[in-house]
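K.L.:
Quick note, the sequences are listed as chains A and B, same order.
Numbering follows the numbering used here, with no gaps: position 213 of the first sequence is 213.
Numbering follows the numbering used here, with no gaps: position 39 of the second sequence is 39.
Fair warning: there could be bad hints in the mix.
Computed list of lysine-lysine pairs in DSSO-like fashion (alpha-carbon distance at most 27 angstroms, straight line) [said to hold, decoys possible]:
{"id": "1", "chain 1": "B", "residue 1": "Lys116", "chain 2": "A", "residue 2": "Lys64"}
{"id": "2", "chain 1": "A", "residue 1": "Lys64", "chain 2": "A", "residue 2": "Lys20"}
{"id": "3", "chain 1": "A", "residue 1": "Lys264", "chain 2": "B", "residue 2": "Lys116"}
{"id": "4", "chain 1": "B", "residue 1": "Lys73", "chain 2": "B", "residue 2": "Lys116"}
Bear in mind the hints are in silico, worked out from the structure with no lab data behind them.
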Amino acid sequence: MDGGRPKTEGEENMNCGEVKVLIQLYMDSELDARSTLEAQRHLESCSSCSRLLDALEEQDRLLKEAARAAVPPSARVRARVLDAIRDESSAAPARWWRLPSWRRVAAVAALLLITTLAALRGGWAPGVNEKVYAAVALDHAAHCSADMMMGATTDPEELNRLAASYGHVRAIPDLLAFGYGDPRGRVCKINEVEFLHLTYYHPTERPLSIFLRPHASDGIGEKLTALNQDRFSVVSISSSVTDLFVVSSFDERRTAAIADAVAKQLS
Amino acid sequence: MAELEARLQAFEREALAHLDSLLRTAGRVAGSGLDAEDIVQETFLRAWRYFDSFEAGTNCRAWLFQIMFNVIKGRRRDLVSRPETSFEDEMDDAFQPGNVIVFDPTRRIEGSEVLKATGLLSEEHRAVLFLIAVEEFTYREAAEILGVPVGTVMSRLHRARHELRRLLTPNRSGARVSNQ
């Protein structure tokens, strides 16, 4: 109607240009209440924008009806899925992350006990640090699949912002040299301390995690330390500003090589 | 055994209830060379493995879709080395490249035509369109499912809808889709 005419002073109604930008959010109910009202007011008085909205809504309606009208072969697939689950459940050993929650708690307790014993054998003072090693391994195990990183960000800018907060670096570590990419990041709490947990994916290898936090004096040493935690290797290294953990399914030597490369990027 | 059956019942109630949505989306979005039923089966198997860590009452449907798109992504990666047949090659004759399809511009567009025309969209655009317009996810949920920022969902959706509209709108010669 007003063909994108700029608003005059004191005029609050949206113009065609603005509505065309927002029309999709309007039809998907993604606009806030005020913008919805403003768009509605414009649409009531503008036949051109109103026709565009009608056409797009009709197109969506036809698509939804046609897509939903086709009957998928649900019964056959349902039977296939249930058979596959039963086969897998009877064949697979009870790996700890598949256990019911109370059994996982027992597994966590056992893992912590093993860690503590290993630490004592190594001559450490039993403190918080060995718990941290076990805890990062557990957090990696619980969240290492992309499926379990629901809510994690993949936005490079957001990841770099988090890396600046938690690792005092301008960008998250780059692991492409090791074949790892598609990083996802989330902030997690381990022993009441916040970490940035980054998970990287490889086309054929198991995922790998990096945990970053501002340096804390709870015993994570400056020297590169590699430990075997259950089925994972955990390697830590610390600088005066950042503590870093790398958790992988590789052996300690290879994980340490990756941690060393990451530490060099952070320094 | 009783424990397994109880867990399976909960899984059927929470997860398998969304089987239809996953199947129809996989069938339209996965693209050529990928079997929708296999994708959905793998999706549910993965969901089953992590079902204990899924919090009851949270958005199980969005979680399943996120898993499914990861499965699709992984399988597309596997397909890279294989010779690929484009999605267009599998479309009906009416949508074969090189054809001019003459429609009667006064005739109403059928839903089946809209559905077919989505096959000419890119996989990325088609995925967003189905998640929002058919499955009625919010932009934020779609962004999490696809692992992209909300802004990317919005721009892909905008392009998808307008490209679809272009494909379905008769041009001056009365053709809705022209590739000549």
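K.L.:
All hints are to be evaluated individually against the structure, with a verdict given for each.
P.N.:
Hints versus structure:
no., hint, verdict
1, B/Lys116 - A/Lys64, "12 angstroms, holds"
2, A/Lys64 - A/Lys20, "22 angstroms, holds"
3, A/Lys264 - B/Lys116, "52 angstroms, violated"
4, B/Lys73 - B/Lys116, "23 angstroms, holds"
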